[in-house]
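Student: Listed below, chain by chain, are the residues.
There are 2 protein chains.
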Amino acid sequence: MMDYPLLIRSMLERGRLVAADQEIVSRDFHGVMRYTMREMYARVCQLAHALDRLGVKPHEHIGSFAWNNHRHLELYFAVPCSQRVLHTINIRLFTEQLVYIINHAEDRLIFIDEDLLPVMEGIADRLPLVERFVVMTDAPELPATTLKNALLYEDLIRSEKTEYAFPDFDEWTTAILGYTSATTGMPKGVEYSHRGLFLHCMMALVGELGVRESDVSMPIVPMFHVNAWGRPLADTWIGAKQVYPGSRPTAKDFCELIDRERVTYSAGVPTVWMGILQHLKANPGVYDVSSVRCLLSGGSALPQSLVEVYEKELGIPMYQGYGQTETTPITFISYPKKKHQNLQGAERYRIRAKTGHIVPGLEMRLLDPDGKPVPYDGKSMGELLLRGPWVLRSYYKDPEKTRDAFSDGWFRTGDIATMDDEGYLQVVDRTRDLIKSGGEWISSVDLENVIMGHPDVLEAAVIAVPHERWQERPIVCVVLRPEASDKVSKDDILKYFEGRVAKWWIPDDVIFVTEIPKTSVGKFSKKTLREQYQSGVL
Amino acid sequence: MMDYPLLIRSMLERGRLVAADQEIVSRDFHGVMRYTMREMYARVCQLAHALDRLGVKPHEHIGSFAWNNHRHLELYFAVPCSQRVLHTINIRLFTEQLVYIINHAEDRLIFIDEDLLPVMEGIADRLPLVERFVVMTDAPELPATTLKNALLYEDLIRSEKTEYAFPDFDEWTTAILGYTSATTGMPKGVEYSHRGLFLHCMMALVGELGVRESDVSMPIVPMFHVNAWGRPLADTWIGAKQVYPGSRPTAKDFCELIDRERVTYSAGVPTVWMGILQHLKANPGVYDVSSVRCLLSGGSALPQSLVEVYEKELGIPMYQGYGQTETTPITFISYPKKKHQNLQGAERYRIRAKTGHIVPGLEMRLLDPDGKPVPYDGKSMGELLLRGPWVLRSYYKDPEKTRDAFSDGWFRTGDIATMDDEGYLQVVDRTRDLIKSGGEWISSVDLENVIMGHPDVLEAAVIAVPHERWQERPIVCVVLRPEASDKVSKDDILKYFEGRVAKWWIPDDVIFVTEIPKTSVGKFSKKTLREQYQSGVL
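Same order as they appear, the protein sequences are chains A and B.
For the first sequence, the positions run 1 to 538 when UniProt numbering is used.
For the second sequence, the positions run 1 to 538 when UniProt numbering is used.
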């Protein structure tokens, strides 16, 4: 077969060819704008010419500091297709982390959304390598800014040609550079190659959960976080209508976009779905969400109770995807088999809340602490190791962390899981979040899933605290629904576990909190909780 | 990203992992057998061990001479996953072609279905390189045969271990070797790499026409012809139930299997669908075909009238796939866009009878005879050129034919097509089947599609005959329905074209024949027709 490189260009060119009139909708700083795939293609070409004019060399790193919007989409194509590297900077990182990754990535040019200027202005004097900033706004003139060499995006591209001869090059070339959200230590860089993204995005088009031309796709998962799970690339490839929720989107914005644009497909983290659910419940009859055919949830474990309430109360099927920054990200998806599709009651939702089947293209192992494969009996726990064309080879400029992350050519996910005889993986916990009690493991995720089913509980996180006799014991931090805050006691919470988990798994204490701290991408930050509560030895 | 090779092993391993209990049904020589993916996997491992025991070296060629059945499926995995090459010999080739390709491929071992023994026995003394034959049968003992060193398949694998450590190797390694069906000259060899098949089969899982776990897939297109369009590999990968129609299947066999196994998806050539339609009409109420959710038709142009009758009379949507032996094969698929889905009347079927949209992963050009791109206006004709990861690099051991088939790194399909502004390709004709009349082109395919809509016409083929003034003129060869054979005249046929095509396109003559000659894979053999009728200069 031909030595034809697997490049992102292929996705862009096909999208333009088969779906030139397809709409792309972007909730912009000053309203909702819409244009066609044909116009997007023309602007991508203009941007690529502009990068040439600025003298950006092949393989140089260009930062994006932006929300999910149409200009960010243009960067997703123009930068890698012209053989540069797009560093999608996570706008929610803390200042120290931002300074670290921008310098570590050696970004020389950064594209920045208008409303994020203050963040960048605050750290610009600590970014000696950055030579220029391009401000993305609908405003006709450059906003006042202290950033040096600032240009207006629209000025930059306006006069350029609307066709560009995107070159052929090696498929192993890096297209996008992303950093982990750093639940421990400083963020680690992961280089996504054209080949890896091509294969990942084709996989993301497979089956019932793959986006189709007939879909209206709204990627909620940020474009600054793991390639927005590949959606902007894959949606363009297949020619679907795309809806970008833009700057600082709220649950209200999501609901309005779903209603008005007739969104059929979306992907995001569980906390987003919880927020949307609350907003819909607080505003009954206001939004029509009947267009949605499926929601994909990932980033942290999907509570079975959430799957259930979405289907029963909204008629919307929700499925779980699983993956990591290191895996582009998708590695498992929970989709019921044919024989499961008519299941009723709890069994129905249990399947969908599982971590899922390994996606086509990857290979897995579950190993016990001695490195031996565990049986696939649905009970035996082992660490999940992965191989595949969209699994990282090494961390960017970080040989030490790379060494720890691999074993015999396999990537160690750090997640503990079981595998049943139907091929469904169930991630039990992060290695570091497992509670080691009396020589046995307790899954914090299992306990959280149970207590999130309590009608008065809004959010909950389980952490280990040191224990003199048992080494560690679980405690549960609980956020109650506002209307229930007076009437639920610690005992009520603990009683709820009875009969639902083994007796020795029941947490030793309950701490009521007003909020579970989150990481920059909306996951529960157990690190922060541990720092707050772990000092009290039980 | 990891340097992880794209290998067929990945499909097999995932299928076993996520769908071990899934059924595989094979219409065998002595009835219908069924087993699970788990059992298939075990036998694939046994077969790989047996090949080791026989001393077959890496990269050696192993021939299969077989129908679509479970043992052929085992060969599809065991041979390439253990780094040998499966040469899928087209059982319908003529004797001279068979001798040529088996010697050209240098097959040393051939696996052969019991009922095909006589064919092979007739040519065995002209195959000096073949050392051994393995006979595939349900019979407990080796049938009487003159073949030297004949073994029984079941004896060969019986005592082997049911696990095999399939190795890692280069993804560019050849997995399957196939030959064209040779509408002109001797068949040409095409080497399908693991990488090419991996990418092609993932593409074949994309979208509405991709097979899903919930499907029951019956590949009618032969496994000895272009990898059965990738279905056995892709169906295993996704974990669908598979139904193999076995030896010498008739329309009755297909209808029975659809009914009994609840087939949802199938792929084959138009002549097969015509045969099934006739059988269903002749036996009203006998078969329940309501399980079918889609049929994919390819190999030759799909008449719009057939799409229409399948949907209106059987409630079955039929779509067109397009491709070639040289392209693994699928390159275009006709699927209506969202905006086309509620079209009514002829427009509805017109879209589905188009050649289609280019599939994700490939790149195309339409060039005029001077090598200039033609406009995508739905009218301008150009030769279709293709590039992509599952397009051939060269013909096997045939530098001369390779040279003619490529232009500037692009594969010249030899097909003339138009492209409209919705991205739908329409193949107008083969370069050699176009009729050059007075300096203009007439499409034989367009004329055939028109006349196939005539209620009394069963089959029709249009060929060019030399003409003194116009250089070439079309004549049409027509097979009438048996019940209409007395009442339709040449004039009736010619009148039917009036108003449906330009006046100067109307054929100069009609020849009534009892059958349109077919190639070994069921396509109309215009070469044979031309030999019969072209001598008469008009």
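What the hints contain is simulated information worked out from the structure, not anything from laboratory work.
Keep in mind that the hints are not guaranteed to be accurate.
[Claimed, not checked] With a cut-off of at most 25 Å between alpha-carbon atoms, the simulated SDA-like pairs for lysine to any residue come out as follows: (1) K338(A) x E39(B); (2) K372(A) x A165(B); (3) K339(B) x R38(A); (4) K372(A) x P517(B); (5) K339(A) x V32(B); (6) K372(B) x T162(A); (7) K338(B) x R293(A); (8) K337(B) x E23(A); (9) K372(A) x A42(B).
Student: Each of the hints needs a verdict: does it hold here or not?
Tutor: Status of the hints after comparison with the structure:
1. Distance restraint check for K338(A) and E39(B): the Cα-Cα separation of roughly 20 Å lies within the 25 Å cut-off, and the hinted pair is therefore satisfied.
2. Note on K372(A) and A165(B): the hinted pairing holds, with a Cα-Cα distance of about 16 Å set against a maximum of 25 Å.
3. A threshold of 25 Å between alpha carbons decides the hint, and for K339(B) with R38(A) the separation of about 17 Å falls inside it, so the pair holds.
4. Distance check on the hinted pair: K372(A) and P517(B) sit about 61 Å apart at the alpha-carbon level, beyond 25 Å; violated.
5. Straight-line distance between C-alpha atoms of K339(A) and V32(B) comes to about 23 Å, which keeps the hinted pair within the 25 Å bound.
6. For the suggested pair K372(B) and T162(A), the alpha carbons sit about 20 Å apart, so the restraint of at most 25 Å is met.
7. In summary, the hint linking K338(B) to R293(A) is supported, as the alpha carbons are separated by about 15 Å, within the 25 Å threshold.
8. For a cut-off of 25 Å, the pair hint linking K337(B) to E23(A) stands: about 13 Å separates their Cα positions.
9. Our distance criterion of 25 Å between C-alpha atoms is met by K372(A) and A42(B), whose separation comes to about 22 Å.
Checked against the numbered hints above, the structure violates only hint 4.
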